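Visitor: On the provided structure of chain D, position chain F as indicated by the hints.
Heads up: the protein sequence lines correspond to chains D and F, in order.
Going by the numbering used here, the first sequence opens with residue 8, and the numbers climb by one from there.
Going by the numbering used here, the second sequence opens with residue 548, and the numbers climb by one from there.
Derived from the structure by calculation, the hints contain no laboratory data.
Small disclaimer: the values here were computed from a predicted structure and weren't measured.
Think of the CB as a built atom: it goes at the ideal place given N, C-alpha and C, for glycine as much as any other residue.
Do not take every clue at face value.
Derived Cβ-Cβ restraints for the label pairs, each shown as a range [claimed, not checked]:
1) D607/F / K47/D: 47 to 57 Å
2) E769/F / G60/D: 43 to 53 Å
3) S80/D / R560/F: 48 to 58 Å
4) R560/F / C82/D: 23 to 33 Å
5) K563/F / C99/D: 32 to 42 Å
6) K47/D / E661/F: 43 to 53 Å
7) R31/D / S759/F: 56 to 66 Å
8) T693/F / E89/D: 23 to 33 Å
9) R28/D / D607/F: 35 to 45 Å
10) S90/D / D607/F: 45 to 55 Å
11) C99/D / D621/F: 43 to 53 Å
12) T87/D / E729/F: 23 to 33 Å
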Amino acid sequence: MHELSIALSIVEVAEEAGRNRGGRVVAVHMKLGQLSGVVKEALLSAFELAREGTELAQAELVIEEVPLVIHCSACGADQTPESAFELRCPACGVLTNDIVSGRELEVHALEIES
Amino acid sequence: MSTSPRLVQVRQRILKRNDEAARALRSRFQEAGVYVVSLVSSPGAGKTALLECVLRALRDRYRVAALVGDLATDNDARRLARAEVPVKQITTGTVCHLEAEMIASALEGWRLDELDFLFIENVGNLVCPSTFDLGEDLRLVLFSVTEGEDKPLKYPTIFNTADVAIITKVDLAAAVEFDAAEAHRSIQAVRPGMEIFHVSAKTGQGMEEWLSFLESQLLKAEKSFSRER
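In isolation and in its complexed conformation, chain D is listed as follows (with noise of 0.2 Å):
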């Protein structure tokens, strides 16, 4: 259950970026890559409890999902491959391990009141 830690780091990093910009912080939005190793409803559970007792316990954590994508270097594109978890380009059949994006895990923007 990394989840946890990684539910702790939101509120840590909302939290401090909420006081720099002077407001109260309603809705954290983060990107979570499909291949960051982190399973949305297992960190949609641990936010609850990491915000309790802070100042993000009203917050809400809105999850947007990011697709795999790697760039081939046989066909010079960017894919998302068929399967989610083979590094495979969909035109071509080649792996490649080059990953463009797919391993997210940040936090993008704030909703703060003031």
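Guide: This is chain F only, laid out in the frame that chain D set:
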């Protein structure tokens, strides 16, 4: 009267704190000229057995040490200490993985510049450790022939974040009808280009090849280490 909330862009890595701690560790390791290898696998894949073999094989020619993470007990540290090298147990309590700050505090009082290799055995878990950078130079993922050839497909993230795969307990391969080609296909699907070793800590099979790879990695890294030897 409250106004409607405003949306503020922040773009911040959630694991910023761990990443910063890992970066600090990495530069300490670099400065000290120690090559750091971490091991991840499911519980029971044979991390401790492999590590005990590696420590014994390297201790006469190199200065080696190990950190070992477990939820509870210091059984693994006691096993590794039989290799007569410095070993420290990190007991994580309820935490299912190691984090960079745990490594930093476990290393307090250690002279890193007196080491050539430092091994970090993570908690047995194929999910959680994948997300946390420990500042290591090389991350090994182990899986044993008894676990099934499709293990990498079931746990793609940990395989994708590792640098090298080691298939362990190969002395049991025939008994469990292990299909090596299938296992390789699974690994390559989730981590194209990954180097794979086959090892038995029990019989020593494949150990020589694995150790010479490890030594070559140290040599390669030392070129970039700032310290003069």
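Visitor: Does each hint hold? Answer for all of them.
Guide: Tested hints:
Take D607/F and K47/D: their Cβ atoms lie about 50 Å apart, and the range 47 to 57 Å holds. Roughly 49 Å separates the CB atoms of E769/F and G60/D, a value that falls within the hinted 43 to 53 Å. Checked against the given bound of 48 to 58 Å, the beta carbons of S80/D and R560/F, roughly 27 Å apart, lie outside it. Between R560/F and C82/D, the C-beta spacing of about 31 Å keeps the proposed range 23 to 33 Å intact.
Range check, K563/F to C99/D: about 37 Å between beta-carbon atoms, so the 32 to 42 Å window is met. For the hinted restraint 43 to 53 Å between K47/D and E661/F, the CB-CB distance of approximately 45 Å keeps it satisfied. Checked against the hint of 56 to 66 Å, the pair R31/D and S759/F passes, with Cβ atoms roughly 59 Å apart. Under the hint 23 to 33 Å, the C-beta atoms of T693/F and E89/D, about 30 Å apart, fit the expected range.
At roughly 58 Å, the beta carbons of R28/D and D607/F sit outside the given window of 35 to 45 Å. The hint said 45 to 55 Å for the Cβ distance between S90/D and D607/F, and at roughly 47 Å that hint holds. The hinted range of 43 to 53 Å is satisfied by C99/D and D621/F, whose Cβ atoms lie roughly 51 Å apart. Evaluation of the 23 to 33 Å hint for T87/D and E729/F yields a pass: the beta carbon distance comes to about 25 Å.
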